[in-house]
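Asks: What follows is the residue order along each chain.
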Amino acid sequence: MANVEGKATAITVLTPVRREGPLVLWAVFWAGRHIKETLQKLEQLSFIHYARWAVIDRFPDEGEGEKLSHEYLLFESNFNGTWDQYIDAFSEVVPFRMKAIWGTSYGFPGPLPVEPFKDYIRRNEYVANHYWSAYPGYTTTEIISAGHVEAALREFQAHAAELEPEDFKRAYESMLTAIQHDL
Amino acid sequence: MSAANNICGQAYSLTVLTPIVDGHEIELADYLNRLQTGDQSPLARVRGTHFARWVVIDDVIFEGPEQGERDHLQHPRLLFTSNFDGDLEPYLEALRTDLADSADSIWSHCIGYPGTGDPDAFVRYFRHHQIDSSLFFAAYGDRTVEEVKRGLAARAKLIAFALRAQGMQAADLKSAFLREFGG
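Chains as they are written, first to last, in the working numbering: chain A, 1 to 183; chain B, 1001 to 1183.
Next comes chain A alone, as it looks inside the complex:
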């Protein structure tokens, strides 16, 4: 069993959706896709690499799919840090969004207080049998920072050779200052 690969942790949750849930979820996810703020808030949770929600109305089989008496909501996330830190942050930073999404599922106790929410996730979570990350040694923040560093470096490199040594040194130091938080 392997929910952890280096610094990355996998979470996989499958919850039964209330009768009226699918319509609400359709609206919530539509807003998520069209209202910039929703995903920006997730960016603030700066430890999520990738996350997805999917509504399962039929479990695929060889035919039309297996229809159960409820639809199910699948959530997966790839994040750095511990499971506890992750759930804590979710319930503190985006409680309304959590409520809008999992409030449509049976048994959801609300995002706060966090302990019942954690029990709920534990109950509905599946542990990965195999988990892969292409860069297990790095956090989301390090990857985004690396992108800034690379861009600044490329820009500096483009004209570095033409500068006189003293000007070069000043430009080099100013580049380092500009990206100091990304190093």
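A couple of the hints might just be wrong.
Stretch by stretch, here's where chain B covers chain A in the computed footprint (C-beta under 8 angstroms, at least three residues) [as the list claims (entries may be wrong)]:
| hint | region |
| --- | --- |
| 1 | 7 to 21 |
| 2 | 34 to 43 |
| 3 | 66 to 72 |
| 4 | 78 to 90 |
| 5 | 135 to 143 |
Residues on chain A that point at chain B, a partial pick, calculated with CB under 7 angstroms [to be verified]:
| hint | residue |
| --- | --- |
| 6 | Ala27 |
| 7 | Phe29 |
| 8 | Ala31 |
| 9 | Ile56 |
| 10 | Phe59 |
| 11 | Asp61 |
| 12 | Ile121 |
| 13 | Asn124 |
| 14 | Tyr131 |
| 15 | Trp132 |
| 16 | Glu150 |
| 17 | Leu153 |
| 18 | Pro165 |
| 19 | Leu183 |
None of these hints come from the bench; they were simulated from the model.
No residue lacks a Cβ here, since even glycine has one placed at the ideal position from N, Cα and C.
Please build the complex by placing chain B on the supplied structure of chain A, with the hints as guidance.
Replies: Relative to the frame of chain A, chain B by itself:
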């Protein structure tokens, strides 16, 4: 749900749920649990994969009487999810050719799996069992695996250089930088 919801930037979220042959779930879980991880994972061979997982889902969770009727899956399911670069079709072909025997060892426990020998049937099988995302979040969805790794390497190189270059005179700094990074 629309297939466009599977995409964020250039990143694609693939969710595949395939029915496991009755009685095979323990053997399959055991096989997946024993796969080597990290660089030795079969998923390391599939280019463009940021994060991926296999999860055996024995059955759905029952959240108690409030839910009313209790659901059971007719067959357990194998969940495969991947967060990868680019379009679906080339990625499915990469799964077929790069996972090769590993793909057969895993999905041959699933009902109707055609094997890697028939390219069209392989793609059809995955598309038939695919679930579209409702909402997909990618913190750096514009960056491919190669770009992420290149950025991380550039950042590491610059940090090492900056430490080494501390206190260098302007002319030495410039020539050391150009030697290291070009310009």
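Asks: Now tell me if each hint is right for this structure.
Replies: Going down the list of hints, with the structure as the test:
1. 7 to 21: Since three or more residues must qualify, the claim that chain B covers the region 7 to 21 of chain A holds, with 6 doing so at under 8 angstroms.
2. 34 to 43: holds (count 3)
3. 66 to 72: holds (count 5)
4. 78 to 90: Check failed, 1 qualifying residues.
5. 135 to 143: Check passed, 6 qualifying residues.
6. Ala27: This hint is violated: Ala27/A lies away from chain B, its Cβ roughly 11 angstroms from the closest one there, beyond 7 angstroms.
7. Phe29: holds (4 angstroms)
8. Ala31: Interface hint status for Ala31/A: violated (9 angstroms vs cutoff 7 angstroms).
9. Ile56: Holds, because the Cβ-Cβ distance from Ile56/A to chain B comes to roughly 6 angstroms (cut-off 7 angstroms).
10. Phe59: This interface hint holds because 6 angstroms falls under the 7 angstroms limit.
11. Asp61: For Asp61/A, the interface hint holds, since the closest Cβ of chain B sits about 5 angstroms away, which is under 7 angstroms.
12. Ile121: violated (11 angstroms)
13. Asn124: holds (5 angstroms)
14. Tyr131: This interface hint holds because 5 angstroms falls under the 7 angstroms limit.
15. Trp132: holds (4 angstroms)
16. Glu150: Nearest chain B Cβ about 4 angstroms off; hint holds.
17. Leu153: Result: holds, 6 angstroms to nearest chain B Cβ.
18. Pro165: holds (4 angstroms)
19. Leu183: holds (6 angstroms)
Checked against the numbered hints above, the structure breaks hints 4, 6, 8 and 12 and satisfies the rest.
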